[in-house]
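A.B. asks: Here's the letter readout for the chains.
Protein chains: 4
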Amino acid sequence: MTHKIAILGASGYTGAELVRLIATHPTMEIAALAANSKAGQSMAQVFPHLRHLELPDLVTIEEIDFGGIDLCFCALPHATSQAVIRDLPKDLKIVDLSADFRLEDPEQYARWYGGEHAALECQAEAVYGLTEFYRDRIRTARLVAGTGCNAATGQYALRPLIAAGVIDLDEIIIDLKTGVSGAGRSLKENLLHAELSEGAHAYAAGGTHRHLAEFDQEFSKIAGRPVRVQFTPHLLPANRGIIATVYVKGEAEKVHATLEAAYADEPFLVTLPFGQHPSTRHIRGSNFCHVGVVGDRMEGRAVVIAALDNLTKGSSGQAIQNANLMLGIDETEGLMLAPVFP
Amino acid sequence: MTHKIAILGASGYTGAELVRLIATHPTMEIAALAANSKAGQSMAQVFPHLRHLELPDLVTIEEIDFGGIDLCFCALPHATSQAVIRDLPKDLKIVDLSADFRLEDPEQYARWYGGEHAALECQAEAVYGLTEFYRDRIRTARLVAGTGCNAATGQYALRPLIAAGVIDLDEIIIDLKTGVSGAGRSLKENLLHAELSEGAHAYAAGGTHRHLAEFDQEFSKIAGRPVRVQFTPHLLPANRGIIATVYVKGEAEKVHATLEAAYADEPFLVTLPFGQHPSTRHIRGSNFCHVGVVGDRMEGRAVVIAALDNLTKGSSGQAIQNANLMLGIDETEGLMLAPVFP
Amino acid sequence: MTHKIAILGASGYTGAELVRLIATHPTMEIAALAANSKAGQSMAQVFPHLRHLELPDLVTIEEIDFGGIDLCFCALPHATSQAVIRDLPKDLKIVDLSADFRLEDPEQYARWYGGEHAALECQAEAVYGLTEFYRDRIRTARLVAGTGCNAATGQYALRPLIAAGVIDLDEIIIDLKTGVSGAGRSLKENLLHAELSEGAHAYAAGGTHRHLAEFDQEFSKIAGRPVRVQFTPHLLPANRGIIATVYVKGEAEKVHATLEAAYADEPFLVTLPFGQHPSTRHIRGSNFCHVGVVGDRMEGRAVVIAALDNLTKGSSGQAIQNANLMLGIDETEGLMLAPVFP
Amino acid sequence: MTHKIAILGASGYTGAELVRLIATHPTMEIAALAANSKAGQSMAQVFPHLRHLELPDLVTIEEIDFGGIDLCFCALPHATSQAVIRDLPKDLKIVDLSADFRLEDPEQYARWYGGEHAALECQAEAVYGLTEFYRDRIRTARLVAGTGCNAATGQYALRPLIAAGVIDLDEIIIDLKTGVSGAGRSLKENLLHAELSEGAHAYAAGGTHRHLAEFDQEFSKIAGRPVRVQFTPHLLPANRGIIATVYVKGEAEKVHATLEAAYADEPFLVTLPFGQHPSTRHIRGSNFCHVGVVGDRMEGRAVVIAALDNLTKGSSGQAIQNANLMLGIDETEGLMLAPVFP
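Residue numbers (this note's numbering), protein chains in the order written: chain L, 902 to 1243; chain E, 902 to 1243; chain S, 902 to 1243; chain X, 902 to 1243.
I should point out that these hints are in silico values taken from the structure, not numbers from a laboratory. Be careful, since some hints might not be right.
Pairs count within a copy or across copies, as identical chains cannot be separated in the list.
Straight-line C-alpha distance at most 30 Å; calculated BS3-like pairs for lysine-lysine [claimed, not checked]: (1) 994 <-> 1122; (2) 1089 <-> 994; (3) 1122 <-> 1150; (4) 1150 <-> 1089; (5) 1155 <-> 905.
Assemble the whole structure, with the sequences as input and the hints as a guide.
C.D. replies: And the structure:
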């Protein structure tokens, strides 16, 4: 059986990554690709690396007949997404990759994203898309809100620890380093090769990055009380990959055992042996997340390090994993591609 | 039906690339992995990006029982390969990725590789592994000699042109740029990140690169008379990808039409529209080769540009393509992975 | 004695490079910095790497009092430059880094740059800024036109050979690879890190790059008859550095001897021993140009390889070298900085 | 007046960086270059980027006549350095760039470096080379021990804060990211371009990196009681540059004011305006260190970020700064080179 897929926002990096992954997905078939600014062009013009595929040309969203579509990926920019999704057919299965439906509390949305939400009724039914922790609800969801890529990385390092009560909830620091593709195909001076290569810097330091809203929401929910973490993202001279170095207070071996137990049956979450830690190189282009734990020389402190590919496990791979569940097919279908190294 | 595969030399980059590709190949199964220097280790230790796979541990070649093996990939260093293959069972299907069996003429081998060949009887039955041009012989071959990665790139740009007589055979210049993974996982000062990144240089300039032996052999065979080309490879600060800029004398549109006709039915060779030319970024991690033709402002001259991934279409992907033929399965099986961009 | 310097267009990369070099120039002092789009900002805001310097804030060109200025560098975009320079004081010494005054023939200008020239009277007095070959005229010039960075590289490889008649003038191919900073601080999709890193591609192939106009003009002038070369530039995943691989027909040792003799007394042009060739890594951040010659296995053919830093010897370093001459100070003043490696 | 300089260990990156800086130093002159493994070669062979300089050929240490040497830089590997320095003339001024003389306590040396110290009498007179904090003692020192590059970065972020008592001494976390040149020109698999580029990973996590010994020694000395910090270094796909993200508990504006006051008169230490933070790109190739402070959303917490070039301010630039003091010349002599960007 073939599932007909539409992708809205197909001219961005997450759109291209969806197409890349679906290209070898055994039961998904791309039926429509929309990108309003590039409507009329072929996908080969916009992304020459996909020119070997037989794909429909890019159209505007309005031109799509959603009648024949089984599931729609929405890879539009933040804020645009909510208005578009509000007007899509009410029975259409949707996986949204934007930030628009991640926050349950409209006040938090307004605070972090600076404006009223345009589709609160859709927000009400949206399920947070961190697959491993919302699997059952995702299976029956109509609208799944893909997580932030940084937010996913930090949560894979921390959720089981918060749930198990093995770390101090008031002393969590997430120092994160991310490749540049997470910023999208946008024309900004700081994303130019000449500006970005051969160096590194922090951004949104001091607790101002929007993915903190997801950490706050999710960690507080797990803990049953407000949890606030420190979070400093840095931009790396690399295209793909996020590595989060998370400083916690807790017994290191217990921290490791907790993660290992939590992820024992997960197909994409790999807990490394105690004392080992991951590299972004070893998950590039794949849907895997590697998590490692190291004990610090200072007793009662540990470092948890998680790495994933922001375009795959951090967004488009996660989206397909969720879509697989929503379509009733095997969760790993099309996602077992091995990482590309070197 | 499952085909049992052995890989000799599994601790190098082409070995790792074979495993990556076979990981999602529907009918190949890895039964044995050999790497004498790392025997006893797990593949996850040597290549952590493959840790999600259930793979046999690395052993020495001697430890492998070839009785149950359907096909053996030999990804050993040049010169080592011939001695090993000489001693393998005489009915074992083998795809060799080294340079050892590429040259038909023992004298040419001795001249370019500086020594006597240790397995001339194997050389006699070896088939040159440029799939698209040796397909029929490869189907029935026992031993296939994978091509040089640079040699493959140059040949995809030139073979149909030489065969069709549309270019001047005495005026061919191949200016080639390659990523560093082609040099293998070897500890050389000039391969260090600090030495290689942020710059470029030529190497083996002036007609001394060994892949010239393949150009000489193949182009002369096609032309029915000696053909010598100029060839200057350059090292790029990138891991994967080769781009060959080939200067020819001939009518540009005829050059383009010749390539387009030759590759019209090829699953992995893509001729771009006239005037367009390829980028290594658009074939990275895939088995595709993109070829473009541009006419020069000087009448009667054209530039042919070909790009492929040295680890995939240039070696391990090509090897699997050939193995598919040798095993009687579809040539494209397991190789339709889309390029990874960005 | 201190020379008061103004820089127009100080917010681009060549502007920043001028400031970097002048920062340790013993007799130049920056008196004014203009950048219309960023007027009112400090240089530290626009280029934080220059924040340790005491520099005037950015102003508009109109705000500068040129009365106290000894020499003005004009690092404005092509086409903008001519209109600005036309209206500057007629006795002001100017080094222009744009393409506006490089071509002597207005028809050629119109053909390559697509429009009427707005300051032909300035063009008439402009001296082409390839220091080593126009030294005497530059000394007394009021307006010097900095060369294209690619054009400089190719000319350093070829001018003495054309002058000496040691190569075939109808068979010259320049295959050039350049870092990305030559494209400036401009917001273009193909200059993004995610698009450019980890790969390579040709651009302006087939004889369409504007620097060909400089090759045509200069090489024809030297030869006393029209000379046309083939020229294919490629974009490298590196910020600085150009390497030109030049294919010529001529006796290789004679080619080498000709270059060695021509550059024997040049402070910045280094001819490598015969058979050696340069790397962009070894001139990065400096005003040196390294030139090497290799004989090809095909008799009567040679490969000349030249490397320089596009922002230094290819533009801003060259500009200061010319300014030194115009101000009557030592040509090498402030320019003996060693390359930065690694 | 000219100061005659010898460099031992001139074939490594810090050796090359010393030569680069001395090349434009007004009063230093290189009289001898030693590199035992490459003795007999010219510096141009070992480091082609220095070929424009007139330099003595490389010799063995034994071949140097130290009688005419005013100051000797020792850029030898750890452990080698102590045995060599022990046997140098007792009145020779020495700046050592290795780890051998950084730790005052022989027990700590043995614990962190795994062996007996071979020159404890030299250790006794060695002065720790963090210029800004040991200036007076360095002026009269015979032997100065250059600091670790990571250790320097962390100390610039923290020393004034510990001295002023404005942060909690038991809650300091240094998350550091460093370019690869700090690992030297050594043939290790993980330093290959194909392994290192396009990714990031932590190393020596959990409090095992040797530069912790310097943090322990120095911070405890300032505080007058034991201070232990957490420290996780990461390897970046970049050649030069260290950025340390330091998490402290203290009032952010007070933290900023303390650093700003401490560094107000320092020629190379730049405190950015409150809320701004540095990038490694903006200090590359220079002797500057940029320090920024951001307040966290969690009250009473701040993030201090410091960036410097490991080869310059982190080792060879620091060494020359110290040598300037020891020779009685201006501390900034030869070191005011502006950073190289892009």
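A.B. asks: Between residue 1122 and residue 1150, at a C-alpha cutoff of 30 Å, which is it: within one copy, between copies, both, or neither?
C.D. replies: For residue 1122 and residue 1150, the Cα distance is within 30 Å both inside one copy (20 Å) and across copies (26 Å).
A.B. asks: Cα distance capped at 30 Å. Does residue 1155 pair with residue 905 within a copy, between copies, both, or neither?
C.D. replies: Neither: 45 Å inside a copy, 41 Å across copies.
A.B. asks: What label fits residue 994 with residue 1122 when the C-alpha limit is 30 Å: within, between, both, or neither?
C.D. replies: Only inside one copy: residue 994 and residue 1122 sit 26 Å apart there, 58 Å across copies, limit 30 Å.
A.B. asks: For residue 1150 vs residue 1089, is the C-alpha pair at or below 30 Å within one copy, between two copies, both, or neither?
C.D. replies: neither (38 Å within a copy, 34 Å between copies)
A.B. asks: Between the shortest in-copy and the shortest cross-copy C-alpha distance, which are at most 30 Å for residue 1089 and residue 994: within, between, both, or neither?
C.D. replies: neither (33 Å within a copy, 36 Å between copies)
Of the numbered hints stated above, those contradicted by the structure are hints 2, 4 and 5, listed in ascending order.
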